[in-house]
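Enquirer: Listed below are the residues making up each chain.
There are 2 protein chains.
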Amino acid sequence: IMRFVMRVWMFLKKAWDLGVDEPRKFFHCLKVGVALMVVSLFYYMRPLYDGVGGSAIWAVMTVVVVFEYTVGGTLYKCLNRICATLLAGFLALGVHWVASHSGHQFEPFIMGTSLFILASATTFSRFIPVVKARFDYGCTIFILTYSLVSVSGYRVEHLLHVAHERISTIIIGTCLCIITSMLIFPVWAGTELHLLIPRNMDKLAKSLDCCVAEYFGHDDEESKKSSQGYKCVLNSKASEEAMENFARWEPAHGQFNFRHPWKKYLKIGASARSCAYCIETLTSCLDSKNQVPESLKNHLDSSCMNLSSSASRVIRELSTMICWSNHMTSFKDRRKHCKSS
Amino acid sequence: IMRFVMRVWMFLKKAWDLGVDEPRKFFHCLKVGVALMVVSLFYYMRPLYDGVGGSAIWAVMTVVVVFEYTVGGTLYKCLNRICATLLAGFLALGVHWVASHSGHQFEPFIMGTSLFILASATTFSRFIPVVKARFDYGCTIFILTYSLVSVSGYRVEHLLHVAHERISTIIIGTCLCIITSMLIFPVWAGTELHLLIPRNMDKLAKSLDCCVAEYFGHDDEESKKSSQGYKCVLNSKASEEAMENFARWEPAHGQFNFRHPWKKYLKIGASARSCAYCIETLTSCLDSKNQVPESLKNHLDSSCMNLSSSASRVIRELSTMICWSNHMTSFKDRRKHCKSS
Numbered sequence: 008i009m010r011f012v013m014r015v016w017m018f019l020k021k022a023w024d025l026g027v028d029e030p031r032k033f034f035h036c037l038k039v040g041v042a043l044m045v046v047s048l049f050y051y052m053r054p055l056y057d058g059v060g061g062s063a064i065w066a067v068m069t070v071v072v073v074f075e076y077t078v079g080g081t082l083y084k085c086l087n088r089i090c091a092t093l094l095a096g097f098l099a100l101g102v103h104w105v106a107s108h109s110g111h112q113f114e115p116f117i118m119g120t121s122l123f124i125l126a127s128a129t130t131f132s133r134f135i136p137v138v139k140a141r142f143d144y145g146c147t148i149f150i151l152t153y154s155l156v157s158v159s160g161y162r163v164e165h166l167l168h169v170a171h172e173r174i175s176t177i178i179i180g181t182c183l184c185i186i187t188s189m190l191i192f193p194v195w196a197g198t199e200l201h202l203l204i205p206r207n208m209d210k211l212a213k214s215l216d217c218c219v220a221e222y223f224g225h226d227d228e229e230s231k232k233s234s235q236g237y238k239c240v241l242n243s244k245a246s247e248e249a250m251e252n253f254a255r256w257e258p259a260h261g262q263f264n265f266r267h268p269w270k271k272y273l274k275i276g277a278s279a280r281s282c283a284y285c286i287e288t289l290t291s292c293l294d295s296k297n298q299v300p301e302s303l304k305n306h307l308d309s310s311c312m313n314l315s316s317s318a319s320r321v322i323r324e325l326s327t328m329i330c331w332s333n334h335m336t337s338f339k340d341r342r343k344h345c346k347s348s
Numbered sequence: 008i009m010r011f012v013m014r015v016w017m018f019l020k021k022a023w024d025l026g027v028d029e030p031r032k033f034f035h036c037l038k039v040g041v042a043l044m045v046v047s048l049f050y051y052m053r054p055l056y057d058g059v060g061g062s063a064i065w066a067v068m069t070v071v072v073v074f075e076y077t078v079g080g081t082l083y084k085c086l087n088r089i090c091a092t093l094l095a096g097f098l099a100l101g102v103h104w105v106a107s108h109s110g111h112q113f114e115p116f117i118m119g120t121s122l123f124i125l126a127s128a129t130t131f132s133r134f135i136p137v138v139k140a141r142f143d144y145g146c147t148i149f150i151l152t153y154s155l156v157s158v159s160g161y162r163v164e165h166l167l168h169v170a171h172e173r174i175s176t177i178i179i180g181t182c183l184c185i186i187t188s189m190l191i192f193p194v195w196a197g198t199e200l201h202l203l204i205p206r207n208m209d210k211l212a213k214s215l216d217c218c219v220a221e222y223f224g225h226d227d228e229e230s231k232k233s234s235q236g237y238k239c240v241l242n243s244k245a246s247e248e249a250m251e252n253f254a255r256w257e258p259a260h261g262q263f264n265f266r267h268p269w270k271k272y273l274k275i276g277a278s279a280r281s282c283a284y285c286i287e288t289l290t291s292c293l294d295s296k297n298q299v300p301e302s303l304k305n306h307l308d309s310s311c312m313n314l315s316s317s318a319s320r321v322i323r324e325l326s327t328m329i330c331w332s333n334h335m336t337s338f339k340d341r342r343k344h345c346k347s348s
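If you're matching them up, the sequences are chains A and B in order. The opening residue of the first sequence carries number 8 in the working numbering; numbering runs sequentially from there. The opening residue of the second sequence carries number 8 in the working numbering; numbering runs sequentially from there.
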């Protein structure tokens, strides 16, 4: 039992450290709570309840499912949800109208076949990378809404009324989510990406310095720690792509315009990663058994230190450039410079 | 308009190629369609409909949301959904019982506060990596169910009846999903992982051979193509981890026991990635402007070719070892061998 208590205690301590490190995550949780509270008011207050009826539950559901950490993520899910619901709803109503005019015994067959075809086709489209990146959630909602409307259309009489209520509650839910995530301590995916890339590059520069210094024996305690900084750059591709995907859904905010070239950040990220691969290879020399003789090391010492410090200076310069400017025109040649060095 | 038609045509052609390349993806789509058809029978057939009532819609919803490409993914979502629904349902009923015994005017406040606290806490727990990897979906469902039950508890009278219906429909939906995904052309995440790792290593070996051959001018047309094979290994971490995560939910199947050491595949994958980083660095030498003089190249030619071919042979041997054996005990030293070479 003591061990179990200890484990729970460690877990809670870790969670607390996480919250202290990034208070924005903590605020995010409060935001979710606030949004849920507000939306459940629709249930508790009589005038609001009379307005939307029993399907107020859909508004609650929308808030739970749609609310994401970044504004871009929330917008992506909201827009996907609204568009997919509308599209699938109208399509289902149309097919339902056709089916109901072709006799009661054919109705289930027509609805079932259309459901089968549309569900299979939409599921297949999710395997296509472009669709996967931008409309994955929308595809799920499309199948969901289509099957709900087409299936329940067979039993529920006031189909139009149900569809209208569902859509209005979804719009209420999504609006609430968008307002909460954009107005209370917003976390913009674009800004995150804009800060992440230079931070990664700074880490690279530091790692490069430390790694070379360690090889030639100029290292101290602190440098050993920071020489591992490049490791988080090695596998940054997935998170960078996710951020870029969310950033393109975001409206103009702060220093970023609507059509900010987010794609270019990915290119810089890729260059940073190839630098990180180099550093990984350099670091593996540290642990290698076949060491170069001391005399040769001493001979190369100063020139290598110079080379590494100038390379890391170029990376640092680039990262401050990215930090301070939004004019990405002259970046391309600088990136090349960085790569070759 | 012609351009638009062309683009749509290209898109469809790409999708068709995707389907031809991997017929299992095509089967997956059909499986989704079949599962949806079967579950919608609950609506169309009168005796079944009378059994579960209007909440048959939840069974349809479960199928749409829960069905994943791999068996592991489906099981992960199913188990998360059932456990989270049960947990949140009982908790909500308990809190509702307490709230309803403390007077009608306090009830909304108690329910609201508990909703706020639980939603915030659960959202926060999703930031913890362990929870994120294994119970992310469960957390969403937990908040969802708790808010649905607690909010609708205020208006719906037969709360127990509603809860019972919801849970039974969810169990119907998940069982259907599990049966469909496990019996009709199952795609096991574990098997995928078991095949992916050796395939990646073979690609590495081929790339290494081609890269060195190209450097010393022994290359032909075919080798240029396959020298890029290592690139897909560079960023394989995310997909490997996702597969490992799904694989641990899968029951014993084929040659794999229940407690198969899936974690070790990740270690091998990490070693393979560090090999890929090396090859990336080697490849960058090909395009470098500062080339070594020809005489030196000729001098090193045969020894380098020997080294690379023996290194790639070690990698290939390792990959066949992984392919054919499930005894992972003697892998560790071999991995080291591979790494140092």
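None of these hints come from the bench; they were simulated from the model. Possibly wrong hints are sitting among the right ones.
[Said to hold, decoys possible] Each computed DSS-like pair below joins lysine-lysine, with the alpha-carbon atoms no more than 27 Å apart:
| id | chain 1 | residue 1 | chain 2 | residue 2 |
| --- | --- | --- | --- | --- |
| 1 | B | Lys238 | A | Lys213 |
| 2 | A | Lys232 | B | Lys274 |
| 3 | A | Lys238 | B | Lys238 |
| 4 | B | Lys213 | B | Lys304 |
| 5 | A | Lys213 | A | Lys139 |
| 6 | A | Lys304 | A | Lys270 |
| 7 | B | Lys238 | A | Lys139 |
| 8 | B | Lys244 | A | Lys238 |
| 9 | B | Lys231 | A | Lys244 |
| 10 | B | Lys270 | A | Lys20 |
| 11 | B | Lys32 | A | Lys32 |
| 12 | B | Lys231 | B | Lys271 |
| 13 | A | Lys139 | B | Lys304 |
| 14 | B | Lys244 | A | Lys244 |
| 15 | B | Lys21 | A | Lys139 |
| 16 | B | Lys270 | A | Lys21 |
| 17 | A | Lys139 | B | Lys32 |
Enquirer: Please go over all the hints and tell whether each is borne out by the structure.
Expert: Evaluated hints:
Annotation: proposed proximity of lysine 238(B) to lysine 213(A) holds, straight-line Cα distance about 26 Å (limit 27 Å). The straight-line distance between the Cα atoms of lysine 232(A) and lysine 274(B) is roughly 23 Å, inside the 27 Å bound, and the hint therefore holds. Taken as a hint, the lysine 238(A) and lysine 238(B) pair is honoured in the structure, with Cα atoms around 18 Å apart against an allowance of 27 Å. Proposed proximity of lysine 213(B) and lysine 304(B) is supported: the alpha carbons are some 22 Å apart, at most 27 Å.
A threshold of 27 Å between alpha carbons decides the hint, and for lysine 213(A) with lysine 139(A) the separation of about 36 Å lies outside it, so the pair is violated. In summary, the hint linking lysine 304(A) to lysine 270(A) is not supported, as the alpha carbons are separated by about 42 Å, beyond the 27 Å threshold. Proximity of lysine 238(B) to lysine 139(A) is assessed by CA-CA distance (about 21 Å); at most 27 Å being required, the pair is judged to hold. Of the supplied pair hints, the one linking lysine 244(B) and lysine 238(A) holds, its CA atoms being roughly 13 Å apart against a limit of 27 Å.
Distance restraint check for lysine 231(B) and lysine 244(A): the Cα-Cα separation of roughly 25 Å lies within the 27 Å cut-off, and the hinted pair is therefore satisfied. Taking the CA atoms of lysine 270(B) and lysine 20(A), the gap is near 26 Å; set against the 27 Å cutoff, the hint holds. Taken as a hint, the lysine 32(B) and lysine 32(A) pair is broken in the structure, with Cα atoms around 37 Å apart against an allowance of 27 Å. For the hint pairing lysine 231(B) with lysine 271(B), the CA-to-CA distance comes to about 32 Å; that exceeds 27 Å, so the pair is violated.
Distance hint between lysine 139(A) and lysine 304(B) is unfulfilled; the C-alpha atoms sit about 47 Å from each other, more than 27 Å. With a C-alpha separation of about 10 Å, the suggested pair lysine 244(B) and lysine 244(A) falls inside the 27 Å cut-off, and the hint holds. Between lysine 21(B) and lysine 139(A), the direct Cα distance comes to roughly 14 Å. Compliance with the 27 Å bound is thereby established for this hinted pair. Our distance criterion of 27 Å between C-alpha atoms is met by lysine 270(B) and lysine 21(A), whose separation comes to about 23 Å.
For the hint pairing lysine 139(A) with lysine 32(B), the CA-to-CA distance comes to about 14 Å; that is within 27 Å, so the pair holds.
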